[in-house]
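Engineer: All chains should be modelled from the sequences, with the hints used to inform the complete structure.
For the record, the sequence lines run as chains A and B. Quick note: the first sequence, position 81, residue 80 per numbering that gives the first Met the number 0, numbers continuous. Quick note: the second sequence, position 85, residue 84 per numbering that gives the first Met the number 0, numbers continuous.
Simulated from the structure, these hints should not be mistaken for laboratory data. Using N, Cα and C, we set each Cβ at its ideal position, and we do this for glycine too. Some hints could be false.
Said to hold, decoys possible - Only part of the chain A face toward chain B is listed, based on derived beta-carbon distances under 8 Å:
id : residue
1  : LYS34
2  : VAL39
3  : GLY40
4  : HIS43
5  : GLU47
6  : LYS48
7  : GLN236
8  : GLY238
9  : CYS343
10 : TYR363
11 : LYS371
12 : TYR373
13 : ARG374
Said to hold, decoys possible - Distance condition first, Cα-Cα at most 25 Å in a straight line; then the derived PhoX-like pairs of lysine-lysine:
id : chain 1 : residue 1 : chain 2 : residue 2
14 : A       : LYS48     : A       : LYS168
15 : B       : LYS202    : A       : LYS48
16 : A       : LYS53     : B       : LYS180
17 : A       : LYS53     : A       : LYS336
18 : B       : LYS180    : A       : LYS48
19 : A       : LYS325    : A       : LYS315
20 : A       : LYS315    : A       : LYS53
21 : A       : LYS48     : A       : LYS34
22 : B       : LYS180    : B       : LYS35
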Amino acid sequence: MAEIQSYTMNFGPQHPAAHGVLRLVLEIEGETIQKADPHVGLLHRGTEKLVESKPYNQSIGYMDRLDYVSMMCNEHGYVMAIEKLLGVEVPTRAQYIRVMFDEITRILNHLMWLGAHGLDIGAMTMFLYCFREREDLMDCYEAVSGTRMHATYYRPGGVYRDLPETMPKYAESKFRGKKELDRMNTAREGSMLDFIEDFTVRFPACVDEYETLLTDNRIWKQRTVNIAVVSPERAMQLGFTGPMLRGSGVEWDLRKKQPYEVYDLMDFDIPVGVNGDCYDRYLVRVEEMRQSNRIIKQCIDWLRVNPGPVIAEDHKITPPTRVEMKDDMESLIHHFKLFTEGYCVPEGEAYAAIEHPKGEFGVYIISDGANKPYRVKIRAAGFAHLSAMSEMVEGHMLADVVAVIGTQDIVFGEVDR
Amino acid sequence: MINPYETLATRIEARFGDQVERVASTCRELTFEVDKDDLIKVATGLRNEADFGFEMLIDVCGVDYLDYGSDEWVTNSATGTGFSRGVERPSVVLDEADEFEPRRFAVVYHLLSVQNNLRLRLRVFTGTANPPVVRSVVDIWNGANWFEREAFDMFGILFDGHPDLRRVLTDYGFIGHPFRKDFPIMGNVEVSYDADEGRVVYKPVSIEPRTLVPRVIRDDNRYSADLKDGADNG
Chain A
0 MAEIQSYTMN
10 FGPQHPAAHG
20 VLRLVLEIEG
30 ETIQKADPHV
40 GLLHRGTEKL
50 VESKPYNQSI
60 GYMDRLDYVS
70 MMCNEHGYVM
80 AIEKLLGVEV
90 PTRAQYIRVM
100 FDEITRILNH
110 LMWLGAHGLD
120 IGAMTMFLYC
130 FREREDLMDC
140 YEAVSGTRMH
150 ATYYRPGGVY
160 RDLPETMPKY
170 AESKFRGKKE
180 LDRMNTAREG
190 SMLDFIEDFT
200 VRFPACVDEY
210 ETLLTDNRIW
220 KQRTVNIAVV
230 SPERAMQLGF
240 TGPMLRGSGV
250 EWDLRKKQPY
260 EVYDLMDFDI
270 PVGVNGDCYD
280 RYLVRVEEMR
290 QSNRIIKQCI
300 DWLRVNPGPV
310 IAEDHKITPP
320 TRVEMKDDME
330 SLIHHFKLFT
340 EGYCVPEGEA
350 YAAIEHPKGE
360 FGVYIISDGA
370 NKPYRVKIRA
380 AGFAHLSAMS
390 EMVEGHMLAD
400 VVAVIGTQDI
410 VFGEVDR
Chain B
0 MINPYETLAT
10 RIEARFGDQV
20 ERVASTCREL
30 TFEVDKDDLI
40 KVATGLRNEA
50 DFGFEMLIDV
60 CGVDYLDYGS
70 DEWVTNSATG
80 TGFSRGVERP
90 SVVLDEADEF
100 EPRRFAVVYH
110 LLSVQNNLRL
120 RLRVFTGTAN
130 PPVVRSVVDI
140 WNGANWFERE
150 AFDMFGILFD
160 GHPDLRRVLT
170 DYGFIGHPFR
180 KDFPIMGNVE
190 VSYDADEGRV
200 VYKPVSIEPR
210 TLVPRVIRDD
220 NRYSADLKDG
230 ADNG
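Structural biologist: As structure tokens, this is what we get:
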């Protein structure tokens, strides 16, 4: 019988551990991976081309749909690039709201990652635990923007509206009694800030719970320690950013190094890994959730005592209020111009980068002075990470591929764009 | 306080001289235009020399400057005729010409120095050749691999020396380069399942192109040229 040396195996695109639509062509010898060739683009929608065909503000919604588990962070990168070109000042209150929601989004993203990563390598409970907390944060999204996911809340010049004074409450149904209903609604009696504050008090205990399940878990460690080790030099050479870079021991966080909005006023720490393996990246992300929680608390304290405008008053860029429009001709004209034609952005180019939960999310806009961008390039962190897939899985076992996909925190909305 | 970007700009100009040309910026970002023949020399220097230390390539971005500065709606006389969505579309240019305008395609590199905490942008125009070609920087920054594949896929820019220049985002067997300005936004073909033939078939696209908001460029004296910060007052 002929001896088979190595063979090719197809993984995905409809594999539950592929985190969406990843197709991997694996060259395997026995159970050992020799080479992995990721085929991406199954979710390619041409976002960058679509953005070119629309006025600036109409594309904010497309940003939500890039990395669809960290929606507001994508919007943030896009509106920051526009603001850079326009030279518009964002009110301080809006900056705090943005920072708060960026961090809420970071927790949302990391919870999704932890749940899915856990589920992929055998910790079913994680998924259920993480989604329990995600639900509360999704409710914050809903309270502030009306939608649970695709918020379109950030606008060039600020955020669309101020934080609401009430939280939506659970309604009565035949599945829950009065007592249960009251318990679920206790935290929702006050304003949205009260609700988030209640969450920040509860959340550290939840993270402890996740850590109890995983951090010292023998199976978890067997699946992640020494898997896909990336040296700091290689990580930089390959263009890694975010937790992938920090997991390898490079202390690089845009929130500290190139602070935007009010991050320079926040007190938080940057967790850094030592060995650059999947386990270290896990520890980094878990610690980031705790740090995000700290930042949210600081924002809540500031936002409680500092009312003010949340969007710039320049009505060439931001719409006037409905009340102003009723009896002011100029406001009416501004409103009409803004929603029919949009605003023209001065000629030039700008690159705005934010510390997205997955790494550096950058938006590069070239404007030729029109009301639509001339070219938009979205720099998605996951794209660079996925390109290093082959290097990371080489020499590992087939089952470790799933651990590597998990540790890269891949979401295809942003990889394929 | 001395702006670190001005220091960097002076250093780069001193080190590379004629090989680089600074581009004025409106938002305090440093951009240099590099001739495509000098790209590898400049990139290697920027990566390896301690003065610069750009050890990370953040992004590679293809740009097609075909329609740059053109609008679809002449605004000066339009108030007399009313608002119209009837946009005259330019006829589709087929890229079968032997030569392009020399400043049609560009590749833009975004560099990041972790040790010095600096960013830098390089722009390389591909010149007149069809298909456009530039040297690959994969050997200098390994992370460029997929970014260059993407620029090839979307713009048809070839990267000389790339180890594996395949399409990355479009479908298997895709024809054309979708992000070129002469590629229609709704594409050229649509796919559907043909029950008679029992397979998926490609047909010419059937949807009508339409413009909801025309592209306009307005003179705005708030953004006039003398307000821009150039090489001397950045």
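Engineer: Look at each hint and say if it fits the structure.
Structural biologist: Hint check results:
no. : hint                   : result
1   : LYS34                  : violated (11 Å)
2   : VAL39                  : holds (6 Å)
3   : GLY40                  : holds (4 Å)
4   : HIS43                  : holds (4 Å)
5   : GLU47                  : holds (7 Å)
6   : LYS48                  : holds (6 Å)
7   : GLN236                 : holds (5 Å)
8   : GLY238                 : holds (3 Å)
9   : CYS343                 : holds (5 Å)
10  : TYR363                 : holds (6 Å)
11  : LYS371                 : holds (5 Å)
12  : TYR373                 : holds (6 Å)
13  : ARG374                 : holds (5 Å)
14  : A/LYS48 with A/LYS168  : violated (40 Å)
15  : B/LYS202 with A/LYS48  : holds (22 Å)
16  : A/LYS53 with B/LYS180  : holds (14 Å)
17  : A/LYS53 with A/LYS336  : holds (15 Å)
18  : B/LYS180 with A/LYS48  : holds (9 Å)
19  : A/LYS325 with A/LYS315 : holds (18 Å)
20  : A/LYS315 with A/LYS53  : holds (17 Å)
21  : A/LYS48 with A/LYS34   : violated (33 Å)
22  : B/LYS180 with B/LYS35  : holds (22 Å)
In summary, the structure is inconsistent with hints 1, 14, 21 from the numbered list given earlier, while agreeing with the others.
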